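Engineer: One-letter residues, chain by chain:
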Amino acid sequence: MQQVKTVLLVDDDHDFRIQQRAMLEALKYNVVEAENAAAALGKLENPTPDIAIVDLMMEEHDTGFTLCHNLKKRLPNMPIIMVTGVAAETGVAFNVKTREEHRWIKADALLEKPVRAEQLQQEIKKLLKV
Amino acid sequence: MNQLQVLVIDDEPGMRMGVERTLDGQRLEFWGTDILDVAVETAGTGAEGVDKILNGKIDILFLDYKLPDMNGLEIIEKLGERAKELIIIMITAYASIEVAIEATRKGAYDFLPKPFTPNELRTVTRKAAERILLARKNLQLAQEKKQVRFEFIRVLGHELKAPLGAVEGYLDLMKTKTLGDNLDSYMQFIERSSLRLQQMRKLIVDLLDMTKIESGKRDRKLVPINLRAAAENAIELATPAANARKISISLESPAEIMLMADSGELDMILNNLISNAVKYNRDEGQVFVRLLQSAEQNIVIQVADTGIGMSAEEQQKLFKEFSRIKNAKTANILGSGLGLSILKRLAEMYNGNISVESEPDKGTTFTLEIPADQQQAETPV
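Those protein sequences? They're chains A and B, same order as listed.
Residue numbers for the first sequence follow our numbering, beginning at 1 and rising by one.
Residue numbers for the second sequence follow our numbering, beginning at 1 and rising by one.
Simulated from the structure, these hints should not be mistaken for laboratory data.
Predicted, not measured: the structure shown is a model, and the values here were computed from it.
Just so you know, even glycine gets a beta-carbon here, dropped at the ideal spot from N, CA and C.
Any given hint could be a false lead.
[To be verified] For lysine to aspartate or glutamate, the following DMTMM-like pairs were computed, each having C-alpha atoms within a straight-line distance of at most 25 Å:
| no. | chain 1 | residue 1 | chain 2 | residue 2 |
| --- | --- | --- | --- | --- |
| 1 | B | Lys177 | A | Glu112 |
| 2 | B | Lys317 | A | Glu112 |
| 3 | B | Lys175 | A | Asp62 |
| 4 | B | Lys161 | A | Glu118 |
| 5 | B | Lys320 | A | Glu60 |
| 6 | B | Lys106 | B | Glu85 |
| 7 | B | Lys161 | A | Asp108 |
| 8 | B | Lys317 | A | Glu60 |
| 9 | B | Lys320 | B | Glu144 |
| 10 | B | Lys317 | A | Glu118 |
| 11 | B | Lys78 | A | Glu112 |
| 12 | B | Lys177 | A | Asp62 |
| 13 | B | Lys161 | A | Glu45 |
[Unchecked claim] What the simulated footprint calls covered on chain A by chain B, stretch by stretch (three residues with Cβ under 8 Å from a Cβ of chain B suffice, anywhere in the stretch; the number is not a length):
| no. | stretch |
| --- | --- |
| 14 | 21-30 |
| 15 | 108-117 |
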């Protein structure tokens, strides 16, 4: 019997959290929500999340980046999926595929909103190596 | 920005030198606030002059009518569209009426008959410079306005897209039956979707209100209105929403309190203030509406609530468009982010002032003070 994995879901958009939670719970994950970076850092124990999904733009335009750094400091082995509407809204495109970018964007995968369930499942599985 | 570039086209070296000596390096001051530094360039032939204008930043052109290679009118023609951006002053010893008319038609702004004194030259230059400065200021203002408009549309686009994205997300989850076959499982999705759509509708309605106010073309009719009666109407409108959350609304007012106002605008003001006080209240809270006439004959409308309140930092952003305060306390409250900027504009139209006092978790008081006599304020906006 495989243990249920916990996903930390950090997004300031109430509706996006409801939707992600529904998707993740349907995929049999345990979900812990946080609506901002500070709340996220307070939710790293009991249970310790196995993976985090972090929105890029929250209080500030780059809150997600800072949060990724801080999460990796506390839990170096926890993979992070960053989700963003940035490319769609501002035309700013970036990815985490090159080493150079990966050095300053401490996320392990990047998904653009709207995020579909299959995509999410695929990324989580890949990062948790299940 | 603060440079004024002058070009003299004249075949007489003495004339070129005279203008240069009088104007080059001069500093012109306008209205005690604006400064233009004059720099003079010269050209001895028409061809050289045209070249300098087309490849430079000339503002004022002193143009001799009689030149060896072409006459003044031909030069203006050669400049084409560029001539319209210049102030052209013809210098000529014998300007016939015909030449003057023709030159003016082609874009000359002024004439300076030869011979002229340095003082006459300075006066003509100053007059032209003032015109240029005003044109520059107008251009700058237009650009700033355009910038504000762009920013408004950008944010508006975002605000309209956000609820659509949310609703699409919920529909997608329903389409793929993420929560199974039972419709009841999807109630939260449906309720959230309808809330976001209501929000969108509210935004569009507010936007239309704002457009009405901004255009100023709407028929504004200032008539004597009993503010108390208008407030009673607004309270009645807000009562169903208040009752649903056991919020009481009380009114403290003289039986009659008259002011000159447009009834549509006054309704907008009262509805905005009172519905906000209900929306941002706690369950079982209170709303106090107070109307009074101050010693200075000003009308005071005060609406206080016992709601979630705001921090000092949040209060500062309050009257800006789309600066809706987003936190856990406001997540489920409908708002367009335009209501208070509408209120502020209306207050300005009535030569009034709106202020706010607030304390987090204690409540907020909005106070609008406007002159009772609006006769002087009746000029169209």
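Engineer: Now tell me if each hint is right for this structure.
Structural biologist: How the hints compare with the structure:
| no. | hint | verdict |
| --- | --- | --- |
| 1 | B/Lys177 <-> A/Glu112 | holds (22 Å) |
| 2 | B/Lys317 <-> A/Glu112 | violated (30 Å) |
| 3 | B/Lys175 <-> A/Asp62 | violated (33 Å) |
| 4 | B/Lys161 <-> A/Glu118 | holds (24 Å) |
| 5 | B/Lys320 <-> A/Glu60 | holds (18 Å) |
| 6 | B/Lys106 <-> B/Glu85 | holds (12 Å) |
| 7 | B/Lys161 <-> A/Asp108 | violated (28 Å) |
| 8 | B/Lys317 <-> A/Glu60 | holds (16 Å) |
| 9 | B/Lys320 <-> B/Glu144 | holds (17 Å) |
| 10 | B/Lys317 <-> A/Glu118 | violated (40 Å) |
| 11 | B/Lys78 <-> A/Glu112 | violated (56 Å) |
| 12 | B/Lys177 <-> A/Asp62 | violated (34 Å) |
| 13 | B/Lys161 <-> A/Glu45 | violated (36 Å) |
| 14 | 21-30 | holds (count 3) |
| 15 | 108-117 | holds (count 4) |
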